[in-house]
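K.L.:
Below are the chains, spelled out letter by letter.
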Amino acid sequence: MSAIVLIEDTPQSARLAARLLRLAGHEVIVAQDGEMGLAAVMDGPPPDLVLVDLGLPDLDGQTVVALLRQQRGLDTVPIIAFTAWPQDTAHKMALAYGCDGVITKPIDTRTFASQVEVHIKRQRVQP
Amino acid sequence: MITAHSHRLPAPFEQVPGSDLEQFAGQTAVPASRYGFDELADLYNQTRVDYIVPMPMNARRLQEYVHTYDIILDLSVVALNAEGEVTGLGMLGLRDDRAWISRLGVLPEKRGRRTGLFIMEHLLHQARLNGARSALLEVVKGNVPAHTLFRKLGFRETRELLIIRRPPGTAPLIPPPEVCRVVEMDEAGIAACLAIRPPGPSWLEETRSLYRAGSLKGLWVTLTSGDSGWIVYQQTPFQLTHIVCGTSSPVREPVATALLCQLHRLNPHQDAKVENMPADSPYLPAFVNVGYLETFRRIEMSVQLG
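The listed protein sequences derive, respectively, from chains W and F. To convert, count from 1 in the first sequence and add 1122; that's the numbering used here. To convert, count from 1 in the second sequence and add 242; that's the numbering used here.
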């Protein structure tokens, strides 16, 4: 079981993603905006993975990632962009801001949990 | 979410006999001012759930947006169908004799019933009634349905605008030009620089937008070559934005690069975003030099109002 923080403002998308991850055995904390997401990640032990929507209201996903990447102790935590942006834009911006990968919306319910788990495992084998 | 059931229906705009709006029987336009910012933000977000680049807003951001860009909610529109259900919205800003249309959106399940056209006709009507002689808007490049609608209404393309961002800690692509003096400007210095800006910024970056955004800071930088320039920007707790600059030299790139290098040297941990920079701006190469990346493009369009 891994601890995952999901930062997603769209209720339907947050519900579906959280449900799929919980069914796969993970503990999921859902934050509805960037500020709540920062608090969820920083006010406790580092999670095993952060999944962040790039298109958040107010403090947007890119700024959230930039702020998380500057926090000590979070540099080895995988951050995955979760977005409906066109793939080329999403990849360019997510990687520039320090994300480790991109999962594009809409969610593929058959593969979503395993897409996320790939990033957790990849990070864990790194020294 | 605003629904007919959760809300007592607000009074609509007065019908104007003989206007283009008479063709939209069954559709009603209500001033957006009859709704709260929470409701408007919710509606706006719902209209954009399947947008090319979703850019959701919360109530606070929408309130700032309305203030900064001179949007008049009394003239902006929430559209209702014959059943009294909310179907979409559009917002109208006014500056002197110019109108700006923004935040246009129709709920996905209510599309295909000319609601977008109805909202646009209403906004243009309100613009004319309130003395506007031209109207301006931007559409995300690739949003073919909206672009087609605007052309049908007489709008024509004026230029492409870029949304560019720079993650904190990005290394410049070229060595920073040598600088001999950096001065932080006070309010009067910032005002003097903004007063000599050449015309041509987009609505979002017009000098009036900068003042209304507030929290402006400025630097004056002199290079060892003797050339100098200024940079003015809005600093929020997490982001640098509304970044505009000017140079004494007609060769702008080295000075602008130096200005941006200084800005980011002084604020190394801040994310930066510039919205609607003209694609042909002479300052764009300097932004690229210091690591700004294009996120997406908008097409600016305008129409003369008879």
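Incorrect hints may have been included.
List time: in silico DSS-like cross-link candidates among lysine-lysine, alpha-carbon distance up to 25 Å [what the hints assert, rightly or not]:
#	chain 1	residue 1	chain 2	residue 2
1	F	K383	F	K352
2	F	K383	W	K1214
3	F	K352	W	K1227
4	F	K394	F	K383
5	W	K1227	F	K515
6	W	K1227	W	K1243
7	F	K394	F	K352
8	F	K383	W	K1227
9	F	K459	W	K1214
10	W	K1214	W	K1227
Here are a few chain W residues that sit away from chain F, every Cβ distance over 10 Å (derived from the structure) [unchecked claim]:
#	residue
11	A1125
12	M1164
13	L1196
14	I1225
15	A1235
If you're looking for bench data, these hints aren't it; they were derived computationally from the structure. We put the beta carbon where it would ideally sit given N, CA and C, even for glycine.
K.L.:
Now, for every hint given, state plainly whether the structure supports it.
P.N.:
Verification of the hints:
1. F:K383 x F:K352: holds, 23 Å
2. F:K383 x W:K1214: Cα-Cα ~18 Å, so holds.
3. F:K352 x W:K1227: With Cα atoms ~22 Å apart, K352 (chain F) and K1227 (chain W) stay inside 25 Å; holds.
4. F:K394 x F:K383: Roughly 17 Å between the alpha carbons, so the hint for K394 (chain F) and K383 (chain F) holds.
5. W:K1227 x F:K515: The given pair, whose Cα atoms are some 24 Å apart, holds under the 25 Å limit.
6. W:K1227 x W:K1243: Distance ~22 Å between K1227 (chain W) and K1243 (chain W) Cα, so the pair holds.
7. F:K394 x F:K352: Holds, because 20 Å separates the two Cα atoms, which is no more than 25 Å.
8. F:K383 x W:K1227: With a Cα-Cα distance of about 20 Å, the restraint between K383 (chain F) and K1227 (chain W) holds, given a limit of 25 Å.
9. F:K459 x W:K1214: Not satisfied, since the Cα-Cα distance of roughly 30 Å exceeds 25 Å.
10. W:K1214 x W:K1227: Within the cut-off at roughly 16 Å; holds.
11. A1125: holds, 25 Å
12. M1164: It holds; M1164 (chain W) is separated from chain F by about 14 Å at its closest Cβ, greater than 10 Å.
13. L1196: holds, 14 Å
14. I1225: holds, 15 Å
15. A1235: The claim stands: A1235 (chain W) keeps its Cβ more than 10 Å from every Cβ of chain F (closest is about 23 Å).
Taken one by one, the earlier hints fail for this structure only at number 9.
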